[in-house]
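Asks: Sequence:
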Amino acid sequence: MSYRATPLQATGVTPSQLMLGRQIHTTVPTLESKLQPAWPDLQQVRQTDEKVKQSYKRAYDNRHDERVLPVLEPGNSVAVKLDNERGWTKTTTVL
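Everything in the sequence shown is counted per this note's numbering, starting at 1 for the first residue and increasing by one.
Treat the hints as calculated values from the structure; they're not laboratory data.
Treat the hints with care, since some could be wrong.
Said to hold, decoys possible - Distance windows between CB atoms, simulated:
no.	residue 1	residue 2	range
1	Leu-18	Arg-58	20 to 30 angstroms
2	Asn-62	Ser-2	31 to 41 angstroms
3	Asp-61	Ala-38	33 to 43 angstroms
Each residue gets a CB set at the ideal place from its N, CA and C atoms; glycine is no exception.
Using the sequences and the hints, build the whole thing.
Replies: Structure follows, in C-alpha coordinates:
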(Lines of atoms letter the chains of each structure in order from A and count residues from 1; the text may use other names and numbers.)
(Lines give C-alpha, C1' and ligand atoms only; values in the text may rest on other atoms or scores of the structure.)
Protein backbone atom coordinates (compact mmCIF):
# COMPACT_ATOMS: atom_id res chain seq x y z
CA MET A 1 0.00 0.00 0.00
CA SER A 2 2.84 2.38 0.78
CA TYR A 3 4.43 1.77 -2.63
CA ARG A 4 1.23 2.78 -4.41
CA ALA A 5 1.06 6.00 -2.40
CA THR A 6 4.71 7.04 -2.91
CA PRO A 7 5.61 9.27 -5.89
CA LEU A 8 7.94 7.56 -8.34
CA GLN A 9 11.13 9.29 -9.42
CA ALA A 10 10.52 8.38 -13.06
CA THR A 11 7.04 9.92 -13.27
CA GLY A 12 6.79 12.36 -10.38
CA VAL A 13 3.36 11.00 -9.41
CA THR A 14 2.15 7.98 -7.46
CA PRO A 15 1.07 4.73 -9.14
CA SER A 16 -2.39 5.18 -7.62
CA GLN A 17 -2.71 8.60 -9.28
CA LEU A 18 -1.82 7.08 -12.64
CA MET A 19 -4.27 4.18 -12.25
CA LEU A 20 -7.11 5.72 -10.24
CA GLY A 21 -6.67 9.44 -10.76
CA ARG A 22 -6.46 10.16 -7.03
CA GLN A 23 -4.48 9.47 -3.86
CA ILE A 24 -5.45 6.36 -1.91
CA HIS A 25 -6.24 6.00 1.79
CA THR A 26 -3.21 5.02 3.87
CA THR A 27 -2.42 4.97 7.57
CA VAL A 28 -0.95 8.46 7.20
CA PRO A 29 -3.60 11.17 7.70
CA THR A 30 -4.49 12.86 4.41
CA LEU A 31 -6.60 15.90 3.58
CA GLU A 32 -9.94 15.08 1.95
CA SER A 33 -9.06 17.38 -0.95
CA LYS A 34 -6.12 15.10 -1.81
CA LEU A 35 -8.48 12.12 -2.08
CA GLN A 36 -10.67 13.77 -4.71
CA PRO A 37 -10.15 12.61 -8.32
CA ALA A 38 -7.60 14.73 -10.17
CA TRP A 39 -5.79 13.17 -13.12
CA PRO A 40 -2.14 14.16 -13.53
CA ASP A 41 -1.04 15.79 -16.78
CA LEU A 42 -0.12 12.68 -18.77
CA GLN A 43 1.99 14.63 -21.26
CA GLN A 44 4.11 16.01 -18.40
CA VAL A 45 4.36 12.53 -16.84
CA ARG A 46 5.61 11.08 -20.15
CA GLN A 47 8.19 13.87 -20.55
CA THR A 48 9.47 13.39 -17.00
CA ASP A 49 9.63 9.62 -17.53
CA GLU A 50 11.60 10.06 -20.77
CA LYS A 51 14.08 12.45 -19.11
CA VAL A 52 14.70 10.03 -16.25
CA LYS A 53 15.14 7.10 -18.66
CA GLN A 54 17.69 9.11 -20.65
CA SER A 55 19.63 9.94 -17.48
CA TYR A 56 19.62 6.23 -16.51
CA LYS A 57 20.89 5.37 -20.00
CA ARG A 58 23.70 7.95 -19.80
CA ALA A 59 24.78 6.66 -16.39
CA TYR A 60 24.77 3.04 -17.61
CA ASP A 61 26.68 3.92 -20.77
CA ASN A 62 29.30 5.82 -18.74
CA ARG A 63 29.87 2.81 -16.48
CA HIS A 64 29.91 0.25 -19.30
CA ASP A 65 31.51 2.24 -22.07
CA GLU A 66 33.12 0.60 -25.05
CA ARG A 67 36.84 1.18 -25.20
CA VAL A 68 38.84 1.36 -28.40
CA LEU A 69 41.87 -0.87 -27.98
CA PRO A 70 45.21 0.10 -29.48
CA VAL A 71 46.44 -1.80 -32.52
CA LEU A 72 48.96 -4.51 -31.62
CA GLU A 73 52.23 -4.22 -33.47
CA PRO A 74 55.33 -6.43 -33.34
CA GLY A 75 57.45 -5.54 -30.30
CA ASN A 76 54.56 -4.33 -28.10
CA SER A 77 54.40 -5.70 -24.54
CA VAL A 78 51.19 -7.55 -23.67
CA ALA A 79 49.90 -9.60 -20.72
CA VAL A 80 48.77 -13.16 -21.45
CA LYS A 81 45.87 -15.07 -19.84
CA LEU A 82 45.91 -18.84 -20.20
CA ASP A 83 42.70 -20.84 -19.70
CA ASN A 84 44.27 -23.36 -17.33
CA GLU A 85 45.88 -20.73 -15.04
CA ARG A 86 44.44 -18.15 -12.69
CA GLY A 87 45.07 -14.49 -13.40
CA TRP A 88 47.29 -12.89 -15.99
CA THR A 89 50.78 -14.23 -16.57
CA LYS A 90 53.89 -12.16 -17.03
CA THR A 91 54.11 -9.77 -19.92
CA THR A 92 55.45 -10.92 -23.25
CA THR A 93 56.09 -9.24 -26.58
CA VAL A 94 54.05 -9.46 -29.75
CA LEU A 95 55.84 -11.27 -32.58
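Asks: Please list, smallest to largest, the hint numbers that this structure does not respect.
Replies: Failing hints: none at all.
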